[in-house]
Structures are given as C-alpha cells and as structure tokens.
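Number of protein chains: 2
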Amino acid sequence: MTTIAILATGAMGAGIGLHLVEGGATVLTNLDGRGPESRRRAVEAGLRDVPLSEVARADIVLSIVPPGSAVALAERLAPALAASDSKPVFVDANAISPETAERVRAALAGSGCAVVDGCIIGAPPQPRGKSPAFYVSGDPDRLTAPLAQHGLDWKPMEAPFGAASGLKLVYAMCTKGVTALAAAMVLGAERNGAGAALRAELARSQPELVGRFAKAMPDMLPKAYRWVAEMREIAAFLGPDDPAALMFEGAAQVYERLAADREAGGELGATLLAGSKPAV
Amino acid sequence: MTTIAILATGAMGAGIGLHLVEGGATVLTNLDGRGPESRRRAVEAGLRDVPLSEVARADIVLSIVPPGSAVALAERLAPALAASDSKPVFVDANAISPETAERVRAALAGSGCAVVDGCIIGAPPQPRGKSPAFYVSGDPDRLTAPLAQHGLDWKPMEAPFGAASGLKLVYAMCTKGVTALAAAMVLGAERNGAGAALRAELARSQPELVGRFAKAMPDMLPKAYRWVAEMREIAAFLGPDDPAALMFEGAAQVYERLAADREAGGELGATLLAGSKPAV
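Sequence lines, in order, name chains Z and G. Take the first sequence: its letters are residues 1 to 280, numbered as in UniProt numbering. Take the second sequence: its letters are residues 1 to 280, numbered as in UniProt numbering.
These aren't lab readings, by the way, just hints derived from the structure by calculation. Mixed in with the good hints there might be a few duds.
In silico DMTMM-like links for lysine to aspartate or glutamate, alpha-carbon gap of 25 Å or less [claimed, not checked]:
1. G:K277 / G:E267
2. G:K277 / G:D219
3. G:K277 / G:E256
4. G:K223 / Z:D241
5. Z:K223 / Z:E256
6. Z:K130 / Z:D219
7. Z:K223 / Z:E267
8. G:K215 / G:D261
9. Z:K223 / Z:E37
10. G:K277 / Z:D242
11. G:K277 / G:D261
12. G:K277 / Z:E158
13. Z:K215 / G:E208
14. Z:K277 / Z:D261
15. Z:K87 / Z:E102
16. G:K130 / G:E44
17. Z:K130 / G:E208
18. Z:K277 / G:E208
19. Z:K277 / G:D153
20. G:K223 / G:D261
21. G:K277 / Z:D153
22. Z:K130 / Z:E44
23. Z:K277 / G:E158
24. Z:K277 / Z:E208
25. G:K87 / G:D32
26. G:K130 / Z:E208
27. Z:K277 / Z:E190
28. G:K215 / G:E263
29. G:K223 / Z:D242
30. Z:K87 / Z:D49
31. Z:K215 / G:D242
32. Z:K277 / G:D242
33. G:K215 / Z:D242
34. G:K215 / Z:E208
35. Z:K87 / Z:E158
36. G:K277 / Z:E208
37. Z:K87 / Z:E75
38. Z:K223 / G:D242
39. G:K87 / G:E54
40. Z:K223 / G:D241
Bound-form chain Z, shown alone (with noise of 0.2 Å):
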C-alpha cells in the first residue's frame, strides 16, 4: 500500500485525497496553522493529520495549495524532507509557471528528494467520483505511477521538469483566455447598440459557443479578480518575444476591470450576464 501526503487542504486537495482515500491509498495531511474549514475538509476526506515528520516518511508528497504558496510550501518541508530516510518524492501540482515550479525545485535540492512538476486539469473529484487530469513531467523513472494505482488519472509526459506546469497555463490560454475575449466581445456589441443582432447571429451561426459563453459568464465573475494574476503569469510565461504577451496583458486588464466593476455594484457584470444570455 502506498502512503501519500496530501499538503494543503482545499476543495482540490481533500477532493484528491478523498479520491486516493477511495482507491485504497494510506492519505496523509498536516494541519497545523490551518483553519476550521480546512480541517473539516481534511477529516471529512478520510485524511489524517499527522506531524511534518511523518508527512516525509510517506512515499509521494503532492503539494496543492495556492499558486502564491507553493514555494513556501516547499521551503516550509524542506528541513523534514531533508532529515527523513524515507525520501518520499515531492510532486508540485499547482498553478504556477515552469520558471516558479523551478524555484520550487531549488528550494528542496538540499533535501535528497526527487521532485517532480505536475498539474491537475478538471474539477476536484466528488465522493466515488471522476478523477481530473494528472499530468506530470520531468518523472522518467515514472516514480508517480502509485497514483494511477489508486485512482488517480495519471498522465506522465514524456517531457521535462516545467512541460506540466506549462501545459496547466497554456490551457488556461483557451478556456479564460477565450472567456475574456467573449466578455469583451459582448460589452463591445452592447456599448454600440448591436448587442441583440449579435446575439441572433452567434445563435445562428455559432451555436456552440453561444452555450459556453452562457455558461462561462456568471461562472467566471466571482473569479475575475483572481484571474487577473493567472493572466498576468501567461505573458510572462509567453515571454516579450512573443506578441501574444500582449493578448494576455489585455486579458489581465479586462479582469482587473470586471474585478473594480464588481467592487462597485457590478453594473458591468449585470450587462455581461445579460448580453451573454442565448438569444430566445
């Protein structure tokens, strides 16, 4: 049986070790600092708490947490890991760009362990539910596959340390990237008086997009504020050599707006959810 220590606990990561719970896996946590609400997920998820020193002695650690947390996460295990025998292998699956998944990996040289760069695509998992996407890469020794065995989607790539946290934002690229692309579309038509005629015409002759538009809108305004920074990491990511930076740039923007207007009443957001709504 595999051991695995799940660090920290939001909806993500007590979604996955519920899941590697389900699968028959051994599933660790460390609580300490955290609040009620973690706690109450940890336990609800079938985790245990355990000290940072028996979190190192676990086969595989997987870090979830926060984009901005991550390489203080693994600074915070880096002592543990370094004193423990065991050598669990450390797997970053969080947010964050191949150049802070480096940082990560810099800041666990010292400690003996391997560590891998991962990224999970898809919603948490539900009780007895779907696994999302587990990509990991820089893993040639394939030392993550105990996940597949207890349930995890799995996927290895055939490709260095950073291509997983890579893969993570150029998805993002077509899904909030899109979004903003959409929004903008919409607040342009309705400030020019051709909101309703772009409604018929993308019913029309672009139905699909009608449906996601419909369902990204409402979905996506409570998080604007949060994609602003996602957006911001894609342009650097792409690097000022490429002109698409500059798409990214002007997504972040179009949050950060949308992130004020919500501040302030949400008059733009209420024009948004109704100029997205599928034309009747």
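Following the hints, position chain G against chain Z.
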C-alpha cells in the same frame, strides 16, 4: 421588379449579385477599370455592366468592396448620385469601423440619397445556394426591404447607423480573435514541450474546440496578412478606454508574425498546423 446595383465584384459582390438575380432582381454593376477576373465573375453572375449614370438610377446601390476602398467608392459615385433623379438608397456593406462608415455617409451627404450601414456575415453565395446574413442599421423606413424580396437573408437592426459595422467587428472578435488565441496557445505549448499533452487534453475536455481549431488554422494562414489590419480596426473600435483593445493589438501582432513567417518559408505555420491536428 427591383433594380439593384452592386459595386464592385469580388467573390462576395458577385455571389450576392448572383443570388439577387436568382431571386428575380435586375442587377447592374460598373466594370470601368476592373480586370478580366472581375469581368468574368460579373458575367457569370448575370450582372449587367452599365455606366455610372445608370447605376445611379437603380433602386438600391450596394457597396461591397475591400475595406480600404469603401470611402473612395462612395466619393467616386457621389457626382452620379447627385445628378440622378431617382435617388437610390446607398448601402455600405463593407467590413469597416462605424467611424469609417460615417466617412462614407459624409462623402454622400450632398447626393440627396439615403445612406444605410450594413454588414455581411457568412460565405459568398454559391449558385442556387444559401444567402449570408445581410444586416442593416440606420434604416428606420426599411428602404432596403426589397433585398429580402429577392432572396437575401436581410436582417434589419433596430439600431442607428454604424451598428451594423460594429456588429461585423465584434463578430470577428470571436472568430478571428479566438483563432489568434488558439494559434498562440498551440505555439506556446510546442515551444515548451507540452504540445502532445495539450492535444490529448483538448481532445478529452474540449472536443468542440479541437474541431474548430483544426479547421481554423489552415484557413487562417494564407489570410493572416489581411487580418493584421482587421485586428487593429477592432482595437480602434473598442477605443483606448477599453482594455480589450490591447488584446486585439496583440492579436494583430500574432497575425503579423505568422504572415512574416509565411513569407520566410512557413516554419511557424507548419508547427501550428501539426499542433492543431486532433490527437489520435
């Protein structure tokens, strides 16, 4: 019976002309200074080549020319329309910004003719084929209704002059804009070792986008050089206060780069085509 004049005869103009002839209209054109290809297309479509003075006696005059020629065509026709007793309604159906449409209207201000703003969305009609959508704005008296009687898919907008031109631009945001995003995504993935995984992930979670991209890329590459200006037109239309304008300046540069690559042998283009094929 309605007499309609169409200037000039690219594939769209000839196709619309053919469709109206099939719908029972008399369709005129003027081929002064046009090449043998335009002449052939006009003859095949059943259009009659007449002097401008006779064009100016039609019931409706349609301008269907490249964006850069819209104002010049209006200026060229202005004297004949001013001299005409029958005062046809002039419809600018070109892919121009509302601002440029205003310049067309200004050029005809002294002619005594009503000027209507229009746009065409869809492919040129084939023999006995389907009409594209023909939107008009700024036509409260429905002067252009005879177009529907002769088979065009006529769509009057309850909106002022300029809204139809705006519609064409916002519609291009979600077709050519999304294609620019998709191209940037595929090239970013290939450059970072994530191409194969991206194709697999899109096939798994975004199958409708896969088909869309596979079709869009080979269609786009030979036209990328033209789309540069279209993307900048959208940026200008959105205006400096709309952060989405930056997305379209970025899209213009993406197309600029692909157009330059094509001139230089098409290495990027080949990567893009290979990376946009559905995963097997």
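Can the restraint linking G:K215 and Z:E208 be considered satisfied, given a maximum Cα separation of 25 Å? Given that 25 Å is the threshold and the Cα spacing comes to 15 Å, the pair holds.
Is the hinted pair G:K223 and G:D261 satisfied, with a Cα-Cα distance of at most 25 Å? Holds, at roughly 13 Å.
With the threshold set at 25 Å, check whether the alpha-carbon distance from G:K215 to G:D261 stays at or below it. With a Cα-Cα distance of about 20 Å, the restraint between G:K215 and G:D261 holds, given a limit of 25 Å.
Are the Cα positions of Z:K277 and G:D242 separated by 25 Å at most? OK: Z:K277 and G:D242 at ~22 Å, within 25 Å.
Mind checking the alpha carbons of G:K130 and Z:E208 for me, to see if they're no more than 25 Å apart? Holds, at roughly 21 Å.
Within 25 Å, alpha carbon to alpha carbon, are Z:K277 and Z:E208? Roughly 13 Å between the alpha carbons, so the hint for Z:K277 and Z:E208 holds.
Run the distance test for G:K277 versus Z:D153: straight-line Cα separation, threshold 25 Å. holds, 24 Å
Pairwise hint evaluation, Z:E158 against Z:K87, where the allowed Cα distance is 25 Å at most: holds, 24 Å
Would you check the hint for Z:K223 and G:D241, treating anything up to 25 Å between C-alpha atoms as holding? holds, 23 Å
Is the Cα-Cα distance between G:K277 and Z:D242 25 Å or less? holds, 22 Å
Satisfaction of hint between Z:E208 and G:K277, Cα-Cα up to 25 Å: holds, 20 Å
Is Z:K215 close enough to G:E208, meaning Cα to Cα at most 25 Å? holds, 15 Å
The structure is consistent with each of the numbered hints, conforming to all of them.
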